[in-house]
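Got two chains here, separate frames each, mind docking them using the hints?
Line order of the protein sequences matches chains P and U. Position one of the first sequence corresponds to residue 293 (our numbering), numbered consecutively onward. Position one of the second sequence corresponds to residue 24 (our numbering), numbered consecutively onward.
Do not rely on the hints blindly, as some may be mistaken.
Claimed, not checked - Simulated restraints on C-beta separations:
| id | chain 1 | residue 1 | chain 2 | residue 2 | range |
| --- | --- | --- | --- | --- | --- |
| 1 | P | P370 | U | E169 | 40 to 48 Å |
| 2 | U | N155 | P | P497 | 32 to 40 Å |
| 3 | U | K89 | P | E326 | 28 to 36 Å |
| 4 | U | R248 | P | R525 | 37 to 45 Å |
| 5 | P | K347 | U | T93 | 36 to 44 Å |
| 6 | P | K406 | U | D452 | 25 to 33 Å |
| 7 | U | D452 | P | H507 | 22 to 30 Å |
| 8 | P | D563 | U | E45 | 50 to 58 Å |
| 9 | P | D408 | U | S217 | 38 to 46 Å |
| 10 | P | D438 | U | K226 | 54 to 62 Å |
| 11 | U | T448 | P | H507 | 37 to 45 Å |
| 12 | P | P497 | U | K91 | 25 to 33 Å |
These are calculated hints, taken from the structure and not from any lab test. Ideal Cβ positions, reconstructed from N, Cα and C, are used throughout, including at glycine.
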Amino acid sequence: MTNPQGQIVGGLLAPHPPHIVYGENHWRNEPKSECGWEVLRWGYERARKHFLAKKPDVLLVHSPHWQTVIGHHFLGLPEFHGLSVDPIFPNLFRFQYDLKVDVELAELIAEEGKKDGLITKMMRNPNFRVDYGTIVSCHMMNPEWDIPIVGISSNNSPYYFSNEMGQAQMVKLGQATRRAIEKSGRRAVLLASNTLSHRHFTTEPDIPEDMSREHVYEHSGYLWDMQVLDLMRTGRTKELIAILPEFMDHAVSEVKAGSLAWMLSALNFPDYAGEVYGYWTVIGTGNAVVGWDPQLREAATTQGAMA
Amino acid sequence: MIQKAYIVPGQPHVLLAPDKNEGWRKLHDAYRAVGQEIERSGAELILVYSTQWFSVIGHLFQVDPKPKWTLVDQNWYELGEIPYEFRIDPEFGKLYAGLCKEHGMQAATVAYHGFPIDTGTVVALKLLNPNNAIPASIVSCNIYAEREETRALGYAARAAIDTYGKKTIVVVVTNLSNRYEVGDIDPAHDRISSAKDDEWNRKILEMLGEGRLEDVAQVARDFAREANADMGFKAIWWLGAVMGEHNKYDGKVWEYQPVWGTGNAIVELTPNERKQIDWEKEFDEGPVPTFATASGTGLETHNVLGTPASETAEQAASPPPDVIRTDRAPKPVGPYPHARRVGNFLFLSGIGPRKPGTGEVPIDDIEVQTRAAIENVKAILEDAGSSLEKVLDVTVYLTHMKRDFDRFNRVYAEYLGKVQPTRTTVGVDSLPTPICVELKVIAAI
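In isolation and in its complexed conformation, chain U is listed as follows (with noise of 0.2 Å):
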């Protein structure tokens, strides 16, 4: 679940050298007053999309646990080194990886010695997570990803959120304006470089002030025309895409201050499903989503990111009268239920030892995700009116067959040894979610 949004500014200024401008210092201290906050709210995981990283071949995830250099920016080097070290969560990165790939898109993780994470990843958590209190995962920006590419990369990484669980900070790193100034100045004369910029970064930060982000969302293009907008703003498309594509916020402009001529700001928005807003959104860009509620994506315009499962399941209207879905095992992570019922026989999705509810992933050992995974089965067939002692056949899909197989078996057999269904039992490279078992049942009612 999404506690709150972010944007903050990727500058190694603010963490560097706040003594050397007013405004770096007031960014700085908001940054790390915006920490605290953030490490009193009890958020699992911290997800950061920079605009200063770039992909070209789709999009990258880390997902190296603890990934340790010492930074030197290849503009801003005379401030000084950063090093580093970050607590990384490497199965949100895989479980958003393999959303994403699932549904068609190019995606990669990363786990190099010596991966350079860039400047802006490094210096939101720094001054976010100086602890690291709380576990990161960091996606890259494709620059040549548009539209329609990011925000599919955004409801991937809302359907790896509703999945995984756990109470959620999402972080956009992205200047505003992105003019800088070419040459020397003196730093405590640091100011947005044309007024127009200036101008325009304040129109933005109005509206996000309200709270209004797919507003944002539907004039980064001119926001990024007139103002030379960080990568052309791509990244509010993205975060519009994670927190739901609507205006349902609570808004709060943290600062606002110039770094070497450029726009940079920290908003933070909160959720708020209750908001009245009595205003319409502003603009529309070609096939426009369905608008209404916080789970309206409006995914039906788009082609590259199927619907997200969680939310299909609870929108679908009517179900087909032998579907059967049950809180009692984890949601599915696709467009499907979990078993139908066909005359005297039930077949079962592949089921997984996701934990019901919460949708966490046990440890990765096989013994406890064979018990968890041959439980969800249970729960399953009960709430279907059938039960252990009837299942017919079974296909076992494991991820590491030559470690896990015998210890696989045993835990099998305490269950399913007497019943005796028939059973075949596959290697697979990986499975949507990072588990390492997966089971396909057929059982009789």
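Just chain P, with the same shape it has in the complex (with noise of 0.2 Å):
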């Protein structure tokens, strides 16, 4: 039996400081704070918001706090369950986590990506702890928890070799994760937990959620962000991607961890506008919202057809 073809139904950069889940005070979260980070915070649910009406069958995550030597790897069980504890914000963030899996899915892609000369294992011991960074960008984008995820980790390469060796990889993950996704008939949303500029404070207030204490570690920073967003807003992902490499060395930005370059380039990387849901600063680091409806570019196409 043939699947229907499968589509990606949205891509999300959707980064995932434990400080916006601390913010929410859901009750899967132990510490609990006053507020914080709203504009973040209410980014994700309009977000939210426009990508679970198109009823995705899967959320696939590409996250930085997975981090791999040898190649990259899946989670490979139809479920983890446990307690996450952010090791470097324990104050913030001790999560209880339930989660399903697209096994099928990730051995999918895992194939494809080995078709492409990728190393690719798959991850089954069930004791295995999920990093926070999948849970935050996860939970964010379906807090309910009731759509499987494939889980995807971060290899180190760049930093033993060059920004663009990586970036090349994850160029190749990201076109065997579509051609994957259109084998297995899902419908799939896409979250690359990425922040921007990476540069943050070295002390945190007292109270972890002082927003008077928040904004942007340094002005040449959010000077490189908005030149991103810029480019994500009007749709120029293939030059965004031309200068992930130097937004990576000059603003010390996570993208080196490729989750974007991934996500863009299963996209195809995407000549319609990115929708910037929110940009805010988390310890000093930029952090955006920023989604891409295929529909659009669907939909505009359509019109320049007709017209």
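Right under this line is the structure:
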């Protein structure tokens, strides 16, 4: 039996600072706050409303906080549950997670990646602790946790070799992801779990959610973020991918981990506008929630044809 | 007091798969042998700094007395799981964190169920201290900390060890060259990923084998640049600062082997004050600290952390004549004396219950600690020509006012009820060492 062709119904730049989960006081997270980082949280809410309305079968997330040396790894069991304690901000994030995995799709992507010469592995240990980047991005997109995910690790190659070499791998992984989704028959939303500029404060206020202390770390980081967001907003993602290696160096951007390049590649480098749902800083780093809806391109193409 | 220091690798291969590679086996066996030596040494504390415990907001200190979990490494899960339950000394961690905070550094203790202890620390403690015979303390590695901050963290460790007074083994968990093979390899044919990395590793190990820890610290940047050393090899800055920033050690390289392309060694350094050094330091970087003695930490070049009090007091060439210090009371934990005499008055610094000589903190019981603190006050007063009967004013600091106030009063009354000094009692969040009471006294002579 063959599946009807699957499709990517959305892609979201979905940053993962644990602060935004802390700020919303979800019952799954033990620490409690007064408030905090609303612009990002409300941005996520609007993105969630838009993309969940498309009834996706699966959310695919690429996370910088599952770092692998040998190739690209995938969560490979139908479910994982446990306690995630952020090793860096344990005071903010101690989260009970319980997630389902679309193992079949994960295996398909792994197979497609191998065909392109990538090393891929399935992680099948039930005691594996899912990283907090995966959890935060998925939770902010779907706090009900009622849609299975595909969890993909971040390969460390750019840290050993070069930004360009790492990005080339992510482009291949994105292409493999797209082919696998099409074969699977799934309706998929992609989550690129990356912050933009990533220089951050090295001290924390006594009240972590004190927003009077929150601002971008440095002006140059902000300028970079705005340049990148402008390219996203105007559908110039091929230009964007070309300058990402420079962005990684100049703004210490977390896109070095490859999540954004992977998603843009899987989306076939959108030439239609990304919707910026929100931009705000978290301990000085630049974070944006930006969505691409392939339907917008289809609509534009159709209108153009009719005209 | 520091007995020895070790540099060890944090690769799970050594713990979980020694039979897959001869070199991994050699590292495993050397690790075990070192562990046996440590257990026999009478050490009372193992202090671990691991490059795999990342922090970004200052430094974190593990104070959960019994952290327990099953670790599945994010990279090497195919090698198997590592269940662990460690014995942590929370009091030392609190003391160490407190000293860092006191000197303006960002520091926080962690005691959360399920906090992910890093693979490097887990591997080191499983192999060095398999029976949990010795309590451990663990401090994080700030990934953004530069040399100055990392050294300051080391000075604070040294001050904490001096204050705590326990025989301590210092362990850094770090790879040497850190270029992994990024593909699948046959473990049996594991080798250092480049000849250049191998040459650099051997150069570093030659220096460490000669006990030249400070020389290695001075070339850490070059090593990091040339051989992609683990986390910029900042662990060596921390270790150097803890150990006194000099070259007077007996060094021993137990083993050097590749693990998946990276360089890994087990090195032992034993302080040897009598060691004759017939060479000068090879390299300096920036304003170089005083280098001549074990305690010459060069703190004057830094503003992150002040001079450890225990050293300052001894190094002070000619203290003012009205300064009172005594061996019958515990050493101050900052740059101040026990008391000063002004005319017919005696002003004491804040005095707590730590034991004279060892600095050991008594059990967390307000009656025990109050008694010990007053005995310390009494000793200082007597050595200054005064006595408890001449006490005029007391300020009391309690960390658990609600819990301790009544019982504190009972002991206080035994000593000072009849003397009737004026008194103020203040509840405070914490004190520099993990004690629950401190007394500030003014007395007549």
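Cross-check of the supplied hints:
1. Between P370/P and E169/U the C-beta distance comes to about 45 Å, which sits within the given range of 40 to 48 Å.
2. Range check, N155/U to P497/P: Cβ separation about 37 Å, and the 32 to 40 Å hint holds.
3. In this structure the hint that K89/U and E326/P lie 28 to 36 Å apart at CB holds, the actual value being about 33 Å.
4. One distance hint, 37 to 45 Å for the beta-carbon pair R248/U and R525/P, holds here, with the actual separation near 39 Å.
5. Distance hint check: the CB atoms of K347/P and T93/U are about 37 Å apart, consistent with the given range 36 to 44 Å.
6. Distance hint check: the CB atoms of K406/P and D452/U are about 57 Å apart, inconsistent with the given range 25 to 33 Å.
7. Evaluation of the 22 to 30 Å hint for D452/U and H507/P yields a pass: the beta carbon distance comes to about 28 Å.
8. Distance hint for D563/P and E45/U: a CB-CB separation of about 56 Å, consistent with the stated range 50 to 58 Å.
9. Between D408/P and S217/U the CB atoms are about 27 Å apart, so this pair departs from the stated range of 38 to 46 Å.
10. In this structure, D438/P and K226/U meet the distance hint of 54 to 62 Å, their C-beta atoms being roughly 57 Å apart.
11. Under the hint 37 to 45 Å, the C-beta atoms of T448/U and H507/P, about 42 Å apart, fit the expected range.
12. A C-beta distance of roughly 32 Å is found between P497/P and K91/U, which places it inside the suggested range of 25 to 33 Å.
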